[in-house]
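Protein sequences, first through last, are from chains L and V. Counting with my numbering, you get residues 196 to 482 for the letters of the first sequence. Counting with my numbering, you get residues 897 to 1057 for the letters of the second sequence.
FYI, nobody ran anything at the bench for these hints, they're computed from the structure. Just so you know, even glycine gets a beta-carbon here, dropped at the ideal spot from N, CA and C. Incorrect hints may appear among the rest.
[What the hints assert, rightly or not] Lysine-lysine pairs mimicking PhoX-like chemistry, simulated, CA-CA at most 20 angstroms apart:
{"id": "1", "chain 1": "V", "residue 1": "1002", "chain 2": "V", "residue 2": "1015"}
{"id": "2", "chain 1": "L", "residue 1": "441", "chain 2": "V", "residue 2": "1025"}
{"id": "3", "chain 1": "L", "residue 1": "441", "chain 2": "V", "residue 2": "1029"}
[Stated by the list, open to error] Coverage of chain V stretches by chain L, computed from C-beta distances (three or more under 8 angstroms per stretch; other residues unrestricted):
{"id": "4", "stretch": "949 to 955"}
{"id": "5", "stretch": "1046 to 1055"}
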Amino acid sequence: MKRAYAPGRSLVAALAIVAGLAVPAMADPDEDSLVINGDIEIVTETAAPAHLDGISTIYSGWRFRGDGTQAMQMDDFDNPGMLGVAAAEEVWQAVDGSAGESCASCHGDATEMRGVKAVYPKWNEEAGEVRTLEMQINDCRETRMGAEAWGYTSGGMTNMVALLASVSRGVPVDVAIDGPAQSAWEAGKEIYYTRYGLLEQSCANCHENSYGMMIRADHLSQGQINGFPTYRLKNTKLNAAHDRFKGCIRDTMAETFAPGSDEFIALELYVASRGNGLSVEGPSVRN
Amino acid sequence: MKTSQLIVALAVCAASAANAESHGNAIAPTAVAFTDGAVEMSLSGQPGDPAAGRILMNKGSGNCVACHQVTDLPEYAFQGEIGPILDGVADRWSEAELRGIVTNAKIMFPDSMMPSFYKTEGFIRPGNKFTGKAAEGEVAPLLTAQQVEDVVAYLMTLKDM
C-alpha cells in the first residue's frame, strides 16, 4: 500500500482556512516587531519577491528566535556584534598599505556607505564578475591601498562587513538578479535546490519546505541572510554568511564548498535575492 | 514495477553473491529489492532487537527524533516535527513496509526529506561524517543492516490498537 503525505504546512493551513482559524503558532514565526535602539525600524516580514514561487511571505530569522535572543538585537549596548563594528570603525580610519590610504580617505565617514550592503553581491562591470562585499573590500585593500588582502572569513574582514551592514540597517535588501548577474544567480539557485550529502538535504528542504518547524532543538527559519554578519551565542563571535552556508552543508554529511568559492558567491547572490524587501539588520544576534 | 526497482531487483542476483563475504549474510545496500516501497526480507538475515532499536531512534546516524515525535520515548528531549508522529505506526504499515521506509523512504514517498538509511550510492558530494570533508573510499550506510532491523523491530512495538 502506498500513501502520499500532504506536506504538514499546507494541510494545517488548509484546515485552518476551512475552520476560519488562525494557523497554530507552533509552526510559525512569532508576531514581534523589531525596532533597534528605539529608532531603526526593521522590516522582518514582507511579500516574497516575484522570482520566488515556493513561498509567499518572507521573514527575517529574527522572528524565529526566542525573546531573550531577540532582545539582544534591539539595543546596540546589548548586541555583542557591535563590538566588532566598533573595532572596524577604528580600522576604517587607519592608514594601511603602501599607498598611505585608509578606507576613510576615499570614502569619508562610514555612514557615507549607507545602502551599499543592501545591493551586494553585485555585478562589477570592470572586473566582469559578481562581487561580494568581502571581495570588494579586498579589492580596495589591494589595488587602492597597496595593503594585503584579508582572509575571506577572518575576524577583521567580518568586522568590516558588520560595520558596513550596521550603517545600512533599515535599508531594504535589493540585489539585482538580471543582466550580467543572471548566470551566477541561476547557478546559486541550482545549488539551493540540490540535495547534498549522505542525508540528501537541500537548503530548500529545511528553509523553504520546513521553516517554522522544529528539527530536533532548532526552530527552522527561512535561512535569510539579511541579518549577516550574525553574532551567534553558540560560538560567541560574528559569523560570515559563507561560514553559515558551510555549516549547513556540513550538517547534511556532505563535502562543503569553501568560503569565497564561486559556488558560495553564486549561492550568496541567490539567497540574498530571496530576501529582497527585508531590511538589512546586521550585525544580528542568533543562537 | 518501476525501472529503478527492476534494476534493483536484477542487481540482487548479481550482487548478493559478491557481497555475501563482506557483509556476512546481510543483503548489500545496492542489492535490496523493493516491492511497492516495501522490503520483505530481513536485511541482516536476523530478527531485530527492539531495545537496541529504541536507542537508535535517538542516537548517532538514526536520530529519528530529529524529525519525528514518539510518545513512547519521553526520555529523548527535543523531538522534531518535520515528519509524522510515529505513535501507532505499526497499525498503519506492515513490517515489510516499515523496513522499506527506513531503508529508503524515497521509494515509498518520492521527494521525501527523510534520509535513506541503507544506501551507499548516488549521493552528491558525499561527506566524511560531519567533518565537511569529502568521503574517503566506499561510503558506509547510515545504519547497518542489523541496525535497520533493530529500528524496524522497535517501530513494530508502536501500536495503538
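*Numbered hints the structure breaks, given as an ascending list*: As far as the earlier hints go, 4, 5 are violated by this structure, in ascending order.
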